[in-house]
Amino acid sequence: MGKIFAVVVVAIAIATAYFIVGHVYWMPEDISVHGHVIDEQIIETTAGAGILFLLGQFVLAAFVFLYGDSKGKRKLKAWPGGAKPLIWAAVVLIGIEILTLSFIGSKAWGAVYFSPVDPSALPIDVQAEQFAFYFRYPGPDGRFGGTHPELIDEGSQNYFGLDPANDVAARDDIVVASLTIPVNKPVLLTLHSKDVGHSFYVRELRIQQDFVPGIMIPIHFTATKTGKYEIVCTQLCGLGHYNMKAYLNVVSQDEFDQWLKGQSSGQ
Amino acid sequence: MDQASTQKVVPHHEPPHSFIRKYIFSLDHKVIGKQYLGLGLVAAFVGMALSWAMRIHLGWPDASIPLLSKLSSNGAPGGVITPEYYLSLMTMHGTIMAFFVLTAAPLSGFGNYFLPIQVGAEDMAFPRMNMSSFWITFLGFILAAATFVIPDGPPISGWTAYPPLSAVGPDAGPGQGWGQNLWGLSIACFTIASLLGALNFLATTLDMRTKGMTLSRLPLSVWGWFITAALGLLAFAVLLPCALLLMLDRLAGTSFYIPGGLVLSDKLQPHTGGSPLLFQHLFWFFGHPEVYLIILPAFGIIGHVLPTFIRKPLIGGWRVLTACMVLIAFLSLVVWGHHMFVSGMSPYSAMLFSVPTMFITIPSIIAMLIWIFSLYGADIRFSTPSLFSLGFLSLFVSGGIGGFFLAQPSIDSYLHATYFVVGHFHFTMGMSAVFAIFAGFYYWFPKMTGRLMNETLGKVHFWFSFIGMYGIFMPMHFLGFAGHVRRYSALVDDYLIPLIPTQRFISIVALIVGAAQLVFFFNFIWSYYKGKKAADNPWEATTLEWDTASPPPFDNFGGRHLTVYHGPMEYNVEGSKGDYVMQTSPEPIGEKT
Amino acid sequence: MNRISLTMLVVLLITAITAAAPGSGTIEGKVTYTGTPAKPKVIDMSKEPSCAKMHSTPATTANAVTGPGNSLEYVVVYISAGATGETTAPASAVTFDQKGCEYLPHVVALQVGQELKITNSDQTSHNVHAIAKANREWNKSQTPGAAPITEKFDKEEFIPVKCNVHPWMHGYFAVLSTSHFVVTGSDGGYKLPNLPPGKYTVSAWQESYGTQTQEITIAAGETKTVNFVFQAKPY
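Protein chains in written order, with this note's numbering: chain A, 1 to 267; chain B, 268 to 860; chain C, 861 to 1095.
Some hints could be false.
Claimed, not checked - In silico BS3-like pairs for lysine-lysine, Cα to Cα no more than 25 angstroms straight-line:
(1) A/Lys225 - A/Lys261
(2) A/Lys261 - C/Lys899
(3) A/Lys71 - B/Lys534
(4) B/Lys534 - C/Lys913
(5) C/Lys993 - B/Lys534
(6) C/Lys1000 - C/Lys959
(7) C/Lys959 - C/Lys1084
(8) A/Lys73 - B/Lys844
(9) C/Lys977 - C/Lys1015
(10) A/Lys261 - A/Lys228
(11) A/Lys3 - B/Lys726
(12) B/Lys534 - C/Lys901
(13) A/Lys75 - B/Lys844
(14) B/Lys337 - C/Lys993
(15) B/Lys799 - A/Lys71
(16) C/Lys901 - A/Lys261
(17) C/Lys1000 - B/Lys534
(18) B/Lys301 - B/Lys289
(19) A/Lys228 - C/Lys1012
(20) B/Lys844 - A/Lys71
(21) B/Lys301 - B/Lys799
(22) B/Lys844 - A/Lys77
(23) C/Lys977 - B/Lys337
(24) C/Lys1012 - B/Lys337
(25) B/Lys289 - A/Lys71
(26) C/Lys1051 - C/Lys1084
(27) C/Lys1015 - B/Lys534
(28) B/Lys726 - B/Lys800
(29) B/Lys534 - C/Lys1093
(30) C/Lys913 - A/Lys228
Claimed, not checked - Here are the computed distance ranges between Cβ atoms for each label pair:
(31) A/Ala165 - C/Pro950: 39 to 45 angstroms
(32) A/Glu40 - B/Ile417: 50 to 56 angstroms
(33) C/Pro900 - B/Val309: 55 to 61 angstroms
(34) C/Ala951 - B/Pro537: 50 to 56 angstroms
(35) B/Lys337 - C/Lys993: 30 to 36 angstroms
(36) A/Pro28 - B/Ala504: 41 to 47 angstroms
(37) C/Lys1012 - B/Lys337: 21 to 27 angstroms
(38) B/Leu501 - C/Pro900: 57 to 63 angstroms
(39) A/Ala62 - B/Thr481: 33 to 39 angstroms
(40) C/Arg996 - B/Ser616: 44 to 50 angstroms
These aren't lab readings, by the way, just hints derived from the structure by calculation.
Ideal Cβ positions, reconstructed from N, Cα and C, are used throughout, including at glycine.
For reference, chain A alone in the conformation it holds in the complex:
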């Protein structure tokens, strides 16, 4: 029975390693400026953790295979050195791994949260609500109009509660249901929620940030590849959580300018 156990454990370990090393299921292509640091960290961690995983399973399997029930015939041995070498191995190996990963990790984290915002970044106001994302551009006047929760009227698409009757800055704000941005240009999103907690997740951008009601949260990034990507909600927000998404369209600067002009003139 022990020998079967050992074989099963080894088989499971190898199968798992195959799926991971072979990238059978893997991250989509990174399209952000900061993403490659995160990807490197994931690969380092996969390697380090993977070795520990395989070692752990193989040693367990080996011992179970070798030291199965001898019905009292075999003389028992103790692991030479006792607990001390094991403790040292754990402290040193894991300690080194922790320090390395923390060091690299702080660089990756800093790239997202502690890098300064480019002053020319395109500002876009993002509202999450049950169950859609809406994006607001400031329009030709470059200013966002004020938002008033009591004026929100979804039937007339006034998701942000703008007051164009009285607020001049709000009249040219462009509100759309997809996020269109130019490639290779810094973008500054300000996230806020209309109702409950939501989250902004774009796999290809390697960005995930919760929307917290009551707080406006800025995130900034630069997309490096044109294409159509999905923004999905990852914070449980109610019954429509599974169906809460928007498309991210990364287009050339020319296409973006044309699109923006079209939106403004359509108002």
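Chains B and C: place on chain A using the hints.
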């Protein structure tokens, strides 16, 4: 206090005579332990059935489960699960499993039954408080079950119940009216019962040990329960106000967690000034230690069961493993923010939480190395409890590895709220802890009932569970790498469509593994009445519970007051007559304590 | 007058007398607006591709739907006072469909106690949330291909309806206690026939512009015109 007997108080309560006193409102820790185990088994069945409904729906969203339409005509019209009902099933699956199965069974179930016996006491320090703890827990379970029969159904906010979704009431969605209220009351009951239970465990361990039972001779299972109880006092004490503030926001018009200006169901919510992050901090301050409250008794049980089946003491004796458990318990209190890396709390705090999270790996890995390397040169007996213990080792290695990724904030940016997390916590809690519970069941069943469980059925149960559970939860890590978001009731996004076949595979394996658990239920019930009679010490183990009848008499030792001479792991000691020496055997052997 | 004209006149008179049911009059008219209404906004349904592709030209907002001659569609015109006697609700149901992630019709009018049958013709789940105040508020999910939802209301109310899953979907259930009601079509016209002689208050309700009332007295067999003009809002 360390070196001598500290049995200050002997709670001498008379044996009960009436049916109610014997089996229902019993003061006997053994009956209470069995009641907790019974509740855990019923809750496990309910929690598992909920997961079957979830898995069927995820794989085949149009499937009709007629039983559900009888339970809720709104939630499953025609038997087809609606998006909100899926979330209700998911919320109660998590709540019931995390609290009423994983926290109740190994700690309150086995701990109540065996801690007094293993320290040589007649009962717990406070039998009446013990009885109340069980019945308050039972009430909590009834309240949780009641959410299924009220018109609006169970809450949909997950076992984590983040506000504002959980706080603003029915405007947030179905189930967010009385469902969430009952849920909050259920949690409050469970919390109060756990706090009372923790006091009992601590007092009994410190003050009721029999003569010769020094702290250094305590079985590792007792250390596991003791450390868990201490941690539980600190953690549950924060959950109670966390839940209370939520109930106040819901019912008393306060705004602890709800900011102003929120519009739900076209209505401006009448709250202002609160912070959803406050809830997250309070909840996870409890929630992270909670997962260690689940795994530490498992560590204790494995540390207790394994030496019996490898016929060797563990490397480092009781000291190293206990030190690991203490360090884990302590560190678990300072890492809660790793559930909140992308929550909007200050990015600086991410590094503060990440480093201790990674440091917890060190005592965990030391514990794993102790167990694995104790197998070196051993003589392993492969009975069902031993298989589940060995399986635990493999599963915990796998589960722990996932933690490496999630502990790093920038990697967590990608993996947070994906199936990677679901795979990780099911490995550590849903598999490892459950395997330790099974090991405990198969190991202690003979002592509790006087009969043996069927070995063949036990091995069938083990193999299907071991291979099957890998088949369910390892692929979830792969799905996580692909960015598959969790808590989705249906897979409609473009990038999820190609992952549907994998979800279907997981669902099929889950149903097979579910069926295998029925083998365990059947084995349990059948063996209870018809199992082969067990001797007092069928596993040839050393600790005090094996030095009494199976099942133990009312006062645990039949009027004897035991004296303890040795530690709990005297297997294959040099110079001893047999291959094991019981703790209560006066046979002298050269040993250091 | 020659014989042919006389015959025609008699025929006309007889037709007029016999065609009108004994004592029934009619109120009819047109609902229009003055001023500048807000331009209908395009609805971006990209988050629900199965609906987006059902619209060759994108759907637009329906809170102020106008037509030729400044007409207003989806105005509920009804008798709010003067109709005497209890009228039991008709046995037939009124239907409300979800198609292309829109509510069709945008405003459905029905009587207190009359059955409302809601269907989902889309490939996505919808969730019908009737945000009622006088009636019971309810919220029901409807998966694609599910059986119709049937509901009844027991109090008069204009109930906003929204889909919890698709925020742009908005409509109204106009639940009325009278049996004399109609919803204007694209030409803004309405007709309320079969009215016994008497004094009536006619109301017109438009979801953005509010309610207007006018009083009128009709005699047996009379047809009177009551027009409503709403002040449009540019935003």
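So, going through the hints one by one against the coordinates:
1. A/Lys225 - A/Lys261: Roughly 22 angstroms separates the two Cα atoms, so the pair holds.
2. A/Lys261 - C/Lys899: The given pair, whose Cα atoms are some 18 angstroms apart, holds under the 25 angstroms limit.
3. A/Lys71 - B/Lys534: violated, 74 angstroms
4. B/Lys534 - C/Lys913: violated, 32 angstroms
5. C/Lys993 - B/Lys534: holds, 12 angstroms
6. C/Lys1000 - C/Lys959: Distance of about 17 angstroms is within 25 angstroms: holds.
7. C/Lys959 - C/Lys1084: violated, 37 angstroms
8. A/Lys73 - B/Lys844: Cα-Cα ~16 angstroms, so holds.
9. C/Lys977 - C/Lys1015: Measuring from Cα to Cα gives roughly 18 angstroms; hence the hint holds.
10. A/Lys261 - A/Lys228: Roughly 20 angstroms separates the two Cα atoms, so the pair holds.
11. A/Lys3 - B/Lys726: Roughly 14 angstroms between the alpha carbons, so the hint for A/Lys3 and B/Lys726 holds.
12. B/Lys534 - C/Lys901: The hint holds at about 23 angstroms.
13. A/Lys75 - B/Lys844: Judged against 25 angstroms, a Cα distance of about 15 angstroms means the pair holds.
14. B/Lys337 - C/Lys993: violated, 29 angstroms
15. B/Lys799 - A/Lys71: With a Cα-Cα distance of about 23 angstroms, the restraint between B/Lys799 and A/Lys71 holds, given a limit of 25 angstroms.
16. C/Lys901 - A/Lys261: holds, 16 angstroms
17. C/Lys1000 - B/Lys534: holds, 18 angstroms
18. B/Lys301 - B/Lys289: The hint holds at about 12 angstroms.
19. A/Lys228 - C/Lys1012: violated, 44 angstroms
20. B/Lys844 - A/Lys71: holds, 17 angstroms
21. B/Lys301 - B/Lys799: Answer holds: B/Lys301 to B/Lys799 is near 20 angstroms, not above 25 angstroms.
22. B/Lys844 - A/Lys77: holds, 18 angstroms
23. C/Lys977 - B/Lys337: Roughly 22 angstroms separates the two Cα atoms, so the pair holds.
24. C/Lys1012 - B/Lys337: holds, 22 angstroms
25. B/Lys289 - A/Lys71: Distance of about 43 angstroms is beyond 25 angstroms: violated.
26. C/Lys1051 - C/Lys1084: Holds, at about 10 angstroms.
27. C/Lys1015 - B/Lys534: Status holds; Cα separation ~21 angstroms.
28. B/Lys726 - B/Lys800: The hint holds at about 19 angstroms.
29. B/Lys534 - C/Lys1093: holds, 23 angstroms
30. C/Lys913 - A/Lys228: holds, 17 angstroms
31. A/Ala165 - C/Pro950: 39 to 45 angstroms: Between A/Ala165 and C/Pro950, where Cβ atoms are some 42 angstroms apart, the hint holds.
32. A/Glu40 - B/Ile417: 50 to 56 angstroms: holds, 51 angstroms
33. C/Pro900 - B/Val309: 55 to 61 angstroms: Holds - the Cβ-Cβ distance for C/Pro900 and B/Val309, about 58 angstroms, lies within 55 to 61 angstroms.
34. C/Ala951 - B/Pro537: 50 to 56 angstroms: violated, 42 angstroms
35. B/Lys337 - C/Lys993: 30 to 36 angstroms: For C/Lys993 against B/Lys337, whose Cβ atoms are near 32 angstroms apart, the range 30 to 36 angstroms holds.
36. A/Pro28 - B/Ala504: 41 to 47 angstroms: With Cβ atoms ~44 angstroms apart, the hint holds.
37. C/Lys1012 - B/Lys337: 21 to 27 angstroms: holds, 24 angstroms
38. B/Leu501 - C/Pro900: 57 to 63 angstroms: Holds, at about 59 angstroms.
39. A/Ala62 - B/Thr481: 33 to 39 angstroms: Holds, at about 36 angstroms.
40. C/Arg996 - B/Ser616: 44 to 50 angstroms: holds, 46 angstroms
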